[in-house]
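S.K.: Sequence:
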Amino acid sequence: MEFNCCICLLFFVYFKCRVEFAHWALKRVLHYSLGDMCSVLDVMNNMITLQHTQIKASFGTTTHVVGHVFKKTLYKRILGMVLRYALNEIVVEFERVHYAGKNPSSCGCVMRTTHSIPCACELSRYIVGSIPLDSVHMFWRRLSFSDQGLCEAEVTIKEEIETISKRFKELDVCGKVTLKSKL
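Residue numbers for the sequence shown follow my numbering, so the first one is 129 and each next one is one higher.
Simulated from the structure, these hints should not be mistaken for lab results. Careful: at least some of the hints might be erroneous.
Unchecked claim - Mimicking EDC-like on lysine to aspartate or glutamate, the simulated pairs with C-alpha atoms at most 16 Å apart in a straight line are: (1) 184 <-> 170; (2) 230 <-> 250; (3) 200 <-> 223; (4) 310 <-> 288; (5) 308 <-> 298.
Stated by the list, open to error - Okay, the calculated beta carbon distance ranges per label pair: (6) 286 <-> 166: 32 to 40 Å; (7) 226 <-> 304: 51 to 59 Å; (8) 150 <-> 197: 27 to 35 Å; (9) 236 <-> 298: 55 to 63 Å; (10) 304 <-> 231: 36 to 44 Å; (11) 265 <-> 149: 44 to 52 Å.
Beta carbons: idealized from backbone N, C-alpha and C, even for Gly.
With the hints as extra help, turn the sequences into a complete structure.
M.R.: Right, dumping it as structure tokens:
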């Protein structure tokens with residue numbers, strides 16, 4: 129319960145700033161607008177589309193761009209699977225390992241309780257290995273807008289395999305070779 133309150137407060141403040149900026153930008157555009165309702169709706173649609181594109185691009189950055197800090201074996205299992213913000217917070221916590229060590233009382237376990245990501249005393253156990261993906265809350269592992277798969281108890285690819293197999297049977301020889309190479 130404590131995690132949910134802290135994380136909600138953190139994101140409320142973050143998104144409130146984003147909403148205030150978007151509101152300001154929209155007011156600025158509408159102030160100079162001399163058009164009709166359709167042109168206003170077009171401007172709003174363009175702004176929302178731009179924001180959506182920026183958010184999707186940040187998800188893409190998380191999965192494709194690897195900073196030099198994350199090239200250590202420690203981040204091998206979570207790289208490309210966890211949001212960049214959470215990765216950066218884990219890096220900051222890992223720097224605290226030298227000071228906090230394995231002692232939870234000196235660590236305080238703040239990141240574990242507020243963000244549900246590994247704290248310094250927990251990261252000290254992974255120095256020789258890598259951080260398991262399960263140690264990071266599902267919230268930080270969500271890299272898309274889709275809710276698909278979040279509520280399901282079991283995730284399968286049976287339907288996707290059947291679709292690919294059906295498509296494979298419909299292709300000519302060249303298409304089959306191409307699809308096989310892509311798989």
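S.K.: Run every hint past the structure and note whether it holds.
M.R.: Checked hints:
1. Of the supplied pair hints, the one linking residue 184 and residue 170 is violated, its CA atoms being roughly 21 Å apart against a limit of 16 Å.
2. For the hint pairing residue 230 with residue 250, the CA-to-CA distance comes to about 7 Å; that is within 16 Å, so the pair holds.
3. This hinted pair checks out: residue 200 and residue 223 have alpha carbons roughly 13 Å apart, not beyond 16 Å.
4. As the CA atoms of residue 310 and residue 288 are separated by approximately 15 Å, the hinted pair is consistent with the 16 Å bound.
5. With a C-alpha separation of about 13 Å, the suggested pair residue 308 and residue 298 falls inside the 16 Å cut-off, and the hint holds.
6. In this structure, residue 286 and residue 166 break the distance hint of 32 to 40 Å, their C-beta atoms being roughly 46 Å apart.
7. For residue 226 paired with residue 304, a C-beta distance near 56 Å keeps the hint of 51 to 59 Å intact.
8. Range check, residue 150 to residue 197: Cβ separation about 31 Å, and the 27 to 35 Å hint holds.
9. Restraint check, residue 236 to residue 298: a C-beta distance of roughly 59 Å satisfies the suggested window 55 to 63 Å.
10. For the hinted restraint 36 to 44 Å between residue 304 and residue 231, the CB-CB distance of approximately 60 Å leaves it violated.
11. For residue 265 and residue 149, the hinted distance range of 44 to 52 Å is not satisfied, since their beta carbons lie about 27 Å from each other.
Hint violations for this structure: numbers 1, 6, 10, 11, all remaining hints satisfied.
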